[in-house]
Every structure is written in C-alpha cells, then in structure tokens.
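Student: Each chain, letter by letter, is given below.
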Amino acid sequence: MLSILVILPSVQYVFAAEEPGEYLDRRVEIWNLFFRMMTVAFVVGAVVSGTLIWLIWRFRESHPKAKPTSYEEKGVW
Amino acid sequence: MGGHSSWPEWIYIGVVVALLVWVGAEAWNVERLVEHIPAEAKTIIVTGQQWFWTFEHEDGTKEIGELHVKKGIPYKFEIGSKDVIHSFNIPDYLVLMDAVPGRINVVWFLPVEEGEYPIQCREYCGLLHYNMRGTLYVEDGA
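As given, the protein sequences belong to chains A and B, one line each in that order.
Take the first sequence: its letter number 13 is residue 13 in the working numbering, and every next letter is one higher.
Take the second sequence: its letter number 60 is residue 60 in the working numbering, and every next letter is one higher.
A few chain B residues facing chain A, derived, Cβ under 7 Å:
| # | residue |
| --- | --- |
| 1 | Val34 |
| 2 | Leu94 |
| 3 | Leu110 |
Have a look at the derived ranges for each label pair, beta carbon to beta carbon:
| # | chain 1 | residue 1 | chain 2 | residue 2 | range |
| --- | --- | --- | --- | --- | --- |
| 4 | A | Thr69 | B | Glu31 | 41 to 51 Å |
| 5 | B | Ile64 | A | Phe34 | 28 to 38 Å |
| 6 | B | Ile64 | A | Tyr23 | 23 to 33 Å |
| 7 | B | Asp83 | A | Ala41 | 31 to 41 Å |
| 8 | A | Leu52 | B | Ile64 | 53 to 63 Å |
| 9 | A | Ser62 | B | Val15 | 28 to 38 Å |
| 10 | A | Thr69 | B | Leu96 | 49 to 59 Å |
| 11 | B | Glu78 | A | Ile56 | 48 to 58 Å |
| 12 | A | Ile30 | B | Asp83 | 25 to 35 Å |
Don't read these hints as lab results, they were simulated from the structure.
Each residue gets a CB set at the ideal place from its N, CA and C atoms; glycine is no exception.
So here's chain B without its partners, still in its complex pose (with noise of 0.2 Å):
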C-alpha cells in the first residue's frame, strides 16, 4: 500500500466532516429558535386522555375536544397526559408534543390565519385512538 498518496482521502474525510457540522449547527439554530418562547406567550394546559383533548385557558375556562384560539396572538402549550401516552398534533401548524403521564410537555404556537384546523392524537394510545380528534378554531383577535 505505500508509496501511494493519502490526500484524497484527507479532503474526503474534511468535507464529510465539514457537512456534517453544518448539518448539525443548522438543525441546532432552528431547533432554538422555534423553542424560544415569547414571553408575552398564553399559556393553555392541554390534557391528553383516552380519548379526548382537554383545553384550560388562563382565566380557568375550559374546553373539550375543540380550543379557540386569536389570530395573531402567541400561546404555550403546557401539555399532560392522565393515562397514557399521547401526542398533541396540530399538523396545519407544525405542532407535535409527546403526552406524557407525571410531566409537562411544552411547546408554543402562532395562529396567523383564521379558521379551523384539525387536531389529532399522534401517539397510538388504544382502541379509540383514530378517533381522539379535535378542532382548533383561530378566531380575529381585533
């Protein structure tokens, strides 16, 4: 094997190590900036159980398998879960979070357009499972 020159490899190895920093420090940045949530930011509780979605709004109002939301206006999910593991899934807005008994899940959203919007249960969680819907309602904040 001598006498044969190395530095192929040596570019090789440098730019697949090269890519996959940047792969990394992308997927990083994105990763922390759409965790950052605003302070201003509502806070809703949403419960996960077979087979239904639960929704606590800050002044104590409470709605079942449908939430209303205004446009324009950021909110935090604070999500649980009373029996199994869930999945809270708004996919219209790229919302997925893990409903895991004894923790709370947190994850923030935007509604910038009105209209309804299907909420679903990722996580298979028993029978009724395909049937653990809801619907989001983004509603004109003015």
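So that you can see chain A by itself, here it is in the shape it has in the complex (with noise of 0.2 Å):
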C-alpha cells in the first residue's frame, strides 16, 4: 500500500523530471490531475462515512452485543 501511494510516484517523478514535455497539452494534465483527486476524494469520502456509519450502528446502546463502558458499570468516574 505504502509503496503504491508514495514510492512507485516518487521513482515516476525522479524519472519525469528528465524530460518535463515541452509540448504537453495543459488541459489533459490539468483535467488528469482533477480526475485523480477526484478519485482520491471519493474513496477517502466514502471510508470514513462508511466507518462512521458502522461505528455508530454498531456502538448505539440498542445493539444486542452493547455492554456498558466499565466507568459506566462502575457508576463511578
């Protein structure tokens, strides 16, 4: 994972800066890079809606396996 997210791009920069186009089409890097953000954006969106949703579905007091925190149980803090 690790080395998907930042090293494989790394090594692509360290090669690319060897010829930056010098006829590259400024609306395909422009467009491409929105994409890509765009992706990152949405995934990132929906892991933590998707945790927050788990996390409060299975944490509400009604939830058959919900058991009082121990300061709870204790009644004392």
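Combine the two chains into a complex, taking the hints into account.
Tutor: Here's what the structure looks like:
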C-alpha cells in the first residue's frame, strides 16, 4: 500500500524530471490531475463516512451486543 | 484508557499522511510540468485595462480584443495590467492568470485545434467587467 501510494509515484517523478514534455497539453495534465484527486476524494469520503456509519450502528445502546463501559458499570468516573 | 491497543490509530495516521503526501506530490509535479515554458515559445504581451485586452506580438503588431495565433506553435503570455487587477482567461485552453498592475505574470499554452475561442476577464474589475471579452483565433500554421 505504502509503495503504491508513495514510493512508486516518487520514482516516476525522478524519471519524469528528465523530460518535462515541451509540448504537453495543459488541458490533459490539469484535467487528469483533477480526476485523480476526485478519485482520492471520493474513496476517502466513502471510507470515512462508511466507518462512521458502522461505528454509530454498532455501538448504539440498543445493539444486541452492546455492553456498558467500565465507568458506566461501576457508576464511578 | 489503559490497556487498549493503539495500532489502528497509527495505521489511520499512516494512511492519512501517505495520502496527503501523494496528493501534494501529484499536484506539485503537474504544476512543474505545466509551468515549464518551451524555449521556442513566442511571446505575446497581454495588457488588461478597463475594459479590454491588448495583445502585442513579437514583431510589434498589436491587436485589441482579438488575438490571432497559429496552430501547433507554443505561445508565452506576459500578462500585465494598466489599472486594476484583471484575470486573463481562455477557458477552452485552461489558461488563467491574474493581470496585476506593476507586475508581469507568465503563462504559456499550445493551440492545437483551429477555431474561435472566447477570452474573458475572470476577476471583477469594475462596471463593464462582464463585457471585457475577446476572441482567440487559432489559424492553420502551415
């Protein structure tokens, strides 16, 4: 995971730095960046909201497996 | 709070940091690529003023409100302003750069398709800002 996210792109940059395309199309570069960022944003959004939804569903008081915290059990904080 | 494992938190922090690094690196790299001006780019001096654009080519010819360029040739815009802050924008080519009095901002682009494209001011600059428009004509370079 770490290698996909950090190491591989870094290696790519080192090689890409040799040839910053003289005639690249800024529209392509900028829109591609936008789509990549949107992909990350939606994945992160899904994971974070999914975690929160699961957390709230699992640890509600009425959940069959719910149990009081040790503080609540003893009535002492 | 003692006794519970904190490794999920560390994994979470690691993933967040890795994502932020990746996002930053991607954006930095694209900016670096996009801002690299080809050596053979032709310079066009762009001047914004209330409420029109003036363009001056390398050979000294000037155009007002319209800009004629050749397809396949990279152009470098040197953008300035005579009065207030404007912003030079060619939406179809994702060219957007502020025109600030007392300073020259640079952006380059490569016209790839023949046609007419709108030029507009993208920073509110007064009463007729909405009408501070121009036209980009991309012509066959051959």
